[in-house]
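Novice: Given only the sequences and the hints, what does the whole structure look like? Please build it.
From first to last, the protein sequence lines stand for chains A and B. Take 1 as the starting number for the first sequence in this note's numbering and just add one per residue. Take 1 as the starting number for the second sequence in this note's numbering and just add one per residue.
Worth flagging that the hints you see were computed from the coordinates, not collected in a lab. Take the hints with a grain of salt, since some may be wrong.
Here are the simulated EDC-like cross-link-like pairs (lysine to aspartate or glutamate), alpha carbons at most 20 angstroms apart as the crow flies [to be verified]:
{"#": "1", "chain 1": "B", "residue 1": "Lys-270", "chain 2": "A", "residue 2": "Asp-285"}
{"#": "2", "chain 1": "B", "residue 1": "Lys-215", "chain 2": "B", "residue 2": "Asp-196"}
{"#": "3", "chain 1": "B", "residue 1": "Lys-218", "chain 2": "A", "residue 2": "Asp-287"}
{"#": "4", "chain 1": "B", "residue 1": "Lys-153", "chain 2": "B", "residue 2": "Asp-130"}
{"#": "5", "chain 1": "B", "residue 1": "Lys-110", "chain 2": "B", "residue 2": "Asp-99"}
{"#": "6", "chain 1": "B", "residue 1": "Lys-215", "chain 2": "A", "residue 2": "Glu-333"}
{"#": "7", "chain 1": "A", "residue 1": "Lys-263", "chain 2": "B", "residue 2": "Asp-283"}
{"#": "8", "chain 1": "B", "residue 1": "Lys-215", "chain 2": "A", "residue 2": "Glu-98"}
{"#": "9", "chain 1": "B", "residue 1": "Lys-218", "chain 2": "B", "residue 2": "Glu-26"}
{"#": "10", "chain 1": "B", "residue 1": "Lys-110", "chain 2": "B", "residue 2": "Glu-222"}
{"#": "11", "chain 1": "B", "residue 1": "Lys-270", "chain 2": "A", "residue 2": "Asp-287"}
{"#": "12", "chain 1": "B", "residue 1": "Lys-322", "chain 2": "B", "residue 2": "Glu-26"}
{"#": "13", "chain 1": "A", "residue 1": "Lys-295", "chain 2": "B", "residue 2": "Glu-220"}
{"#": "14", "chain 1": "B", "residue 1": "Lys-215", "chain 2": "A", "residue 2": "Asp-285"}
{"#": "15", "chain 1": "A", "residue 1": "Lys-295", "chain 2": "B", "residue 2": "Glu-171"}
{"#": "16", "chain 1": "B", "residue 1": "Lys-218", "chain 2": "A", "residue 2": "Glu-296"}
{"#": "17", "chain 1": "B", "residue 1": "Lys-153", "chain 2": "B", "residue 2": "Asp-46"}
{"#": "18", "chain 1": "A", "residue 1": "Lys-307", "chain 2": "B", "residue 2": "Glu-171"}
{"#": "19", "chain 1": "A", "residue 1": "Lys-165", "chain 2": "B", "residue 2": "Asp-285"}
{"#": "20", "chain 1": "B", "residue 1": "Lys-218", "chain 2": "B", "residue 2": "Asp-285"}
Away from chain A, derived, C-beta distances all over 10 angstroms, residues of chain B [as the list claims (entries may be wrong)]:
{"#": "21", "residue": "Arg-74"}
{"#": "22", "residue": "Asn-79"}
{"#": "23", "residue": "Tyr-83"}
{"#": "24", "residue": "Asp-99"}
{"#": "25", "residue": "Phe-102"}
{"#": "26", "residue": "Val-125"}
{"#": "27", "residue": "Leu-148"}
{"#": "28", "residue": "Tyr-168"}
{"#": "29", "residue": "Ala-169"}
{"#": "30", "residue": "Asn-212"}
{"#": "31", "residue": "Glu-237"}
{"#": "32", "residue": "Asp-285"}
{"#": "33", "residue": "Pro-298"}
{"#": "34", "residue": "Thr-320"}
Here chain A is said to cover these stretches of chain B; the calculated rule only asks that three of the stretch's residues, wherever they fall, bring their Cβ under 8 angstroms from a Cβ of chain A [what the hints assert, rightly or not]:
{"#": "35", "stretch": "106–120"}
{"#": "36", "stretch": "193–207"}
{"#": "37", "stretch": "321–327"}
Owing to the predicted nature of the structure, the values given are computational and were not obtained by experimental measurement. Heads up, the beta-carbon is just placed ideally off N, CA and C, and yes, glycines get one too.
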Amino acid sequence: MTTDAKEPVQEMTQPPVASAPVSGNGALLSIQGLHVWYELRRFGFGHAGYVKAVDNVSFDLTHGEAVAIVGESGCGKSTLMKTILGLVKPTKGDVVFEGTNIAGLAAKQLRWYRSQVGYVQQDPYGALAPFMTVERILGEPMVINGIKAKSDRQVRMQRVMEEVKMMPIEDFIQKYPHMLSGGQQQRMVIARAMVLNPKMVVADEPVSMLDASVRVEILRLLRSLQASHNLAVMYITHDLSTVRYFSERIFVMYAGKLVEKCKVDDLLRNPLHPYTDALLAASPDPDPHNLHVFKEVPPGEPPNLIKPPPGCRFHPRCRHMIKDLCDVEEPPEYQPEERHSVACWLYR
Amino acid sequence: MSAATASIAQTAQATAADDNKLLRVEDLVMYFRTTKGEVQAVDHVDFDLHYNEAVVILGESGCGKTSLAKAILRLLPKNVGTYTGRVLLEGQDTMTLTDEEFREQIRWVKMSMVPQAAMNSLNPVLKVGDQVSEPMIVHHQVKKQEALAQARKMFDHVGVPGDFMNRYAFELSGGMRQRVALAMALVTAPSLVVLDEPTSALDVLTQANIFNTLKRIKQELEISFILITHDIATSSELADRVVVMYAGEIVEVGDSASVFVEPLHPYSRKLLASVPRLRANQDPDFIAGQPPSLLDPPTGCRFAERCPSRFEKCAETPPTIKRGRVQVKCWLHA
Numbered sequence: 001m002t003t004d005a006k007e008p009v010q011e012m013t014q015p016p017v018a019s020a021p022v023s024g025n026g027a028l029l030s031i032q033g034l035h036v037w038y039e040l041r042r043f044g045f046g047h048a049g050y051v052k053a054v055d056n057v058s059f060d061l062t063h064g065e066a067v068a069i070v071g072e073s074g075c076g077k078s079t080l081m082k083t084i085l086g087l088v089k090p091t092k093g094d095v096v097f098e099g100t101n102i103a104g105l106a107a108k109q110l111r112w113y114r115s116q117v118g119y120v121q122q123d124p125y126g127a128l129a130p131f132m133t134v135e136r137i138l139g140e141p142m143v144i145n146g147i148k149a150k151s152d153r154q155v156r157m158q159r160v161m162e163e164v165k166m167m168p169i170e171d172f173i174q175k176y177p178h179m180l181s182g183g184q185q186q187r188m189v190i191a192r193a194m195v196l197n198p199k200m201v202v203a204d205e206p207v208s209m210l211d212a213s214v215r216v217e218i219l220r221l222l223r224s225l226q227a228s229h230n231l232a233v234m235y236i237t238h239d240l241s242t243v244r245y246f247s248e249r250i251f252v253m254y255a256g257k258l259v260e261k262c263k264v265d266d267l268l269r270n271p272l273h274p275y276t277d278a279l280l281a282a283s284p285d286p287d288p289h290n291l292h293v294f295k296e297v298p299p300g301e302p303p304n305l306i307k308p309p310p311g312c313r314f315h316p317r318c319r320h321m322i323k324d325l326c327d328v329e330e331p332p333e334y335q336p337e338e339r340h341s342v343a344c345w346l347y348r
Numbered sequence: 001m002s003a004a005t006a007s008i009a010q011t012a013q014a015t016a017a018d019d020n021k022l023l024r025v026e027d028l029v030m031y032f033r034t035t036k037g038e039v040q041a042v043d044h045v046d047f048d049l050h051y052n053e054a055v056v057i058l059g060e061s062g063c064g065k066t067s068l069a070k071a072i073l074r075l076l077p078k079n080v081g082t083y084t085g086r087v088l089l090e091g092q093d094t095m096t097l098t099d100e101e102f103r104e105q106i107r108w109v110k111m112s113m114v115p116q117a118a119m120n121s122l123n124p125v126l127k128v129g130d131q132v133s134e135p136m137i138v139h140h141q142v143k144k145q146e147a148l149a150q151a152r153k154m155f156d157h158v159g160v161p162g163d164f165m166n167r168y169a170f171e172l173s174g175g176m177r178q179r180v181a182l183a184m185a186l187v188t189a190p191s192l193v194v195l196d197e198p199t200s201a202l203d204v205l206t207q208a209n210i211f212n213t214l215k216r217i218k219q220e221l222e223i224s225f226i227l228i229t230h231d232i233a234t235s236s237e238l239a240d241r242v243v244v245m246y247a248g249e250i251v252e253v254g255d256s257a258s259v260f261v262e263p264l265h266p267y268s269r270k271l272l273a274s275v276p277r278l279r280a281n282q283d284p285d286f287i288a289g290q291p292p293s294l295l296d297p298p299t300g301c302r303f304a305e306r307c308p309s310r311f312e313k314c315a316e317t318p319p320t321i322k323r324g325r326v327q328v329k330c331w332l333h334a
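Specialist: Written as structure tokens, this is what we have:
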């Protein structure tokens, strides 16, 4: 991590090469040194630098574990998610799922992987084909993945509709997405993600488009599926207040890097990174007292990922900035508490 | 700034004269015509707004909160069937004005609006400075130079650097564009600004920033706000009073200290209980069932079907009961 930072010039000009497959370490999903850089072109072919959307991210996810990734828009959380889903190829680093590096897989081999990983989209209406009935929406992934017998498909459909509590199934099976309410549409998306019995589900802001009264219902549903299927869940969100009802661990992402990794309770009790602190302070609860106070918000805006600031990427906005350290050298990961790591020089 | 200062002074005088009521909405009705019948989007709504006060209208999507704002500002869609009631702004009944009079005297002169997803509603081919000064030229017939100077003042108020005047919308971040849209609503120094979901597409830190700005503007310019949102937690940042809407009707109105802490209507209680909280250790609850169709809403209390404390009385239309500083439309409190 620090060696990368010492050669910023070279880092800008040399496109890294995807490394060879490596074996995992028992975790379901292991992300190691992941970089996803989008190349910028000048006049169509000249090189004009990289957008460093994900820059040196590593973590492990075990079977049945729920983890939340929190960050602002543009921090790279969607790119991270897309890389994990195999939709974007990493520039450097490995995404190892059950011992197989999916970064090196060809499109055909990816089909196996996609049956193992479900995807719950942000906007349920946009994610469901408007011309397909519920039956076809649920049936399609099974047809593609070789569940040929119609009776098999019906058994699975029945089971998955029960799991998302859309009963009786006959009421819904012939409907089109526009005939369902927002909450029901999101249940459909979850049902579709679950129909192939995946080991992991990636949920990208699954409740941000829904009404407050329905949000909790959907989060509880995801939570109960996670428990009953021993499912690993990656929950990507910008809303800290929903995280504590959902996941055990939380990763905070800022400008392409994971700045803090810990248990949710530890984060709420004792946020270590100044950015996490600011995020927590800015998230309101419904409280009439809010009316009388101004929130403390770090100045400025998240940095441009084409030319991120040297050193710690948060240093221009940080009130604990240490001169000649934070603005020069990138902070390594420290672990001041057990299972609570933070990339910040304050804990050196 | 002369025009704006003068108008603020007038506002202050009016405050004393006019019983502190900036806006009174009486028995406002707005129904939409559709092929299936009339959609009763705003159904006999009464509420009022004092000078320099912010009221938030809360409710699920489809409960009629945006329709209510549009009805107040008379931004009517083409398919409006019924549109009746009284909207008194500074004592003047705006419903009796013709459309042209309303445009000349009220809209953007006394009330303006920051529409939903305002940051994407800016004109991409105009410089934001020109865009913000345009309402001044149209409504106050001032020279362009003067309008631009006023726009620059407003940029200061909402926290946009003055040299952004010459930029285009795409050159600004989401938060900055939202501030520009706010400046455009404020530039003619109206006494009331309607904010429709002002921060729903923004990040947590940007959202906190915008609400800081709104609070400051409310103090500095003595403006009143109607805030429309389904984000209950954020609305508590600005709201002096709370209006809870359900299925086209107002079910509860009260000051934020009462409604956020101890709501009276079962719907408001459920709605507040559904908010995930960061700092309190309670599991959020959800409201089972669906809101009724506004094509043919149920007789009696519209929430009865989903209400945990329903009883026989609820088959009749509930009266509006006054409890201290709160008004609630529910038989439980009769």
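Novice: All hints are to be evaluated individually against the structure, with a verdict given for each.
Specialist: Now the hints, each set against the structure:
{"no.": "1", "hint": "B:Lys-270 x A:Asp-285", "in the structure": "holds (16 angstroms)"}
{"no.": "2", "hint": "B:Lys-215 x B:Asp-196", "in the structure": "holds (16 angstroms)"}
{"no.": "3", "hint": "B:Lys-218 x A:Asp-287", "in the structure": "holds (19 angstroms)"}
{"no.": "4", "hint": "B:Lys-153 x B:Asp-130", "in the structure": "holds (13 angstroms)"}
{"no.": "5", "hint": "B:Lys-110 x B:Asp-99", "in the structure": "holds (15 angstroms)"}
{"no.": "6", "hint": "B:Lys-215 x A:Glu-333", "in the structure": "violated (39 angstroms)"}
{"no.": "7", "hint": "A:Lys-263 x B:Asp-283", "in the structure": "holds (18 angstroms)"}
{"no.": "8", "hint": "B:Lys-215 x A:Glu-98", "in the structure": "violated (52 angstroms)"}
{"no.": "9", "hint": "B:Lys-218 x B:Glu-26", "in the structure": "violated (25 angstroms)"}
{"no.": "10", "hint": "B:Lys-110 x B:Glu-222", "in the structure": "holds (13 angstroms)"}
{"no.": "11", "hint": "B:Lys-270 x A:Asp-287", "in the structure": "holds (16 angstroms)"}
{"no.": "12", "hint": "B:Lys-322 x B:Glu-26", "in the structure": "holds (17 angstroms)"}
{"no.": "13", "hint": "A:Lys-295 x B:Glu-220", "in the structure": "holds (17 angstroms)"}
{"no.": "14", "hint": "B:Lys-215 x A:Asp-285", "in the structure": "holds (17 angstroms)"}
{"no.": "15", "hint": "A:Lys-295 x B:Glu-171", "in the structure": "violated (27 angstroms)"}
{"no.": "16", "hint": "B:Lys-218 x A:Glu-296", "in the structure": "holds (18 angstroms)"}
{"no.": "17", "hint": "B:Lys-153 x B:Asp-46", "in the structure": "violated (36 angstroms)"}
{"no.": "18", "hint": "A:Lys-307 x B:Glu-171", "in the structure": "holds (17 angstroms)"}
{"no.": "19", "hint": "A:Lys-165 x B:Asp-285", "in the structure": "holds (17 angstroms)"}
{"no.": "20", "hint": "B:Lys-218 x B:Asp-285", "in the structure": "violated (34 angstroms)"}
{"no.": "21", "hint": "Arg-74", "in the structure": "holds (27 angstroms)"}
{"no.": "22", "hint": "Asn-79", "in the structure": "holds (19 angstroms)"}
{"no.": "23", "hint": "Tyr-83", "in the structure": "holds (27 angstroms)"}
{"no.": "24", "hint": "Asp-99", "in the structure": "holds (34 angstroms)"}
{"no.": "25", "hint": "Phe-102", "in the structure": "holds (32 angstroms)"}
{"no.": "26", "hint": "Val-125", "in the structure": "holds (24 angstroms)"}
{"no.": "27", "hint": "Leu-148", "in the structure": "holds (26 angstroms)"}
{"no.": "28", "hint": "Tyr-168", "in the structure": "holds (18 angstroms)"}
{"no.": "29", "hint": "Ala-169", "in the structure": "holds (16 angstroms)"}
{"no.": "30", "hint": "Asn-212", "in the structure": "violated (5 angstroms)"}
{"no.": "31", "hint": "Glu-237", "in the structure": "violated (5 angstroms)"}
{"no.": "32", "hint": "Asp-285", "in the structure": "violated (7 angstroms)"}
{"no.": "33", "hint": "Pro-298", "in the structure": "holds (18 angstroms)"}
{"no.": "34", "hint": "Thr-320", "in the structure": "holds (23 angstroms)"}
{"no.": "35", "hint": "106–120", "in the structure": "violated (count 0)"}
{"no.": "36", "hint": "193–207", "in the structure": "holds (count 5)"}
{"no.": "37", "hint": "321–327", "in the structure": "violated (count 0)"}
Figure legend: structure checked against the earlier numbered hints; hints not met, in rising order: 6, 8, 9, 15, 17, 20, 30, 31, 32, 35 and 37.
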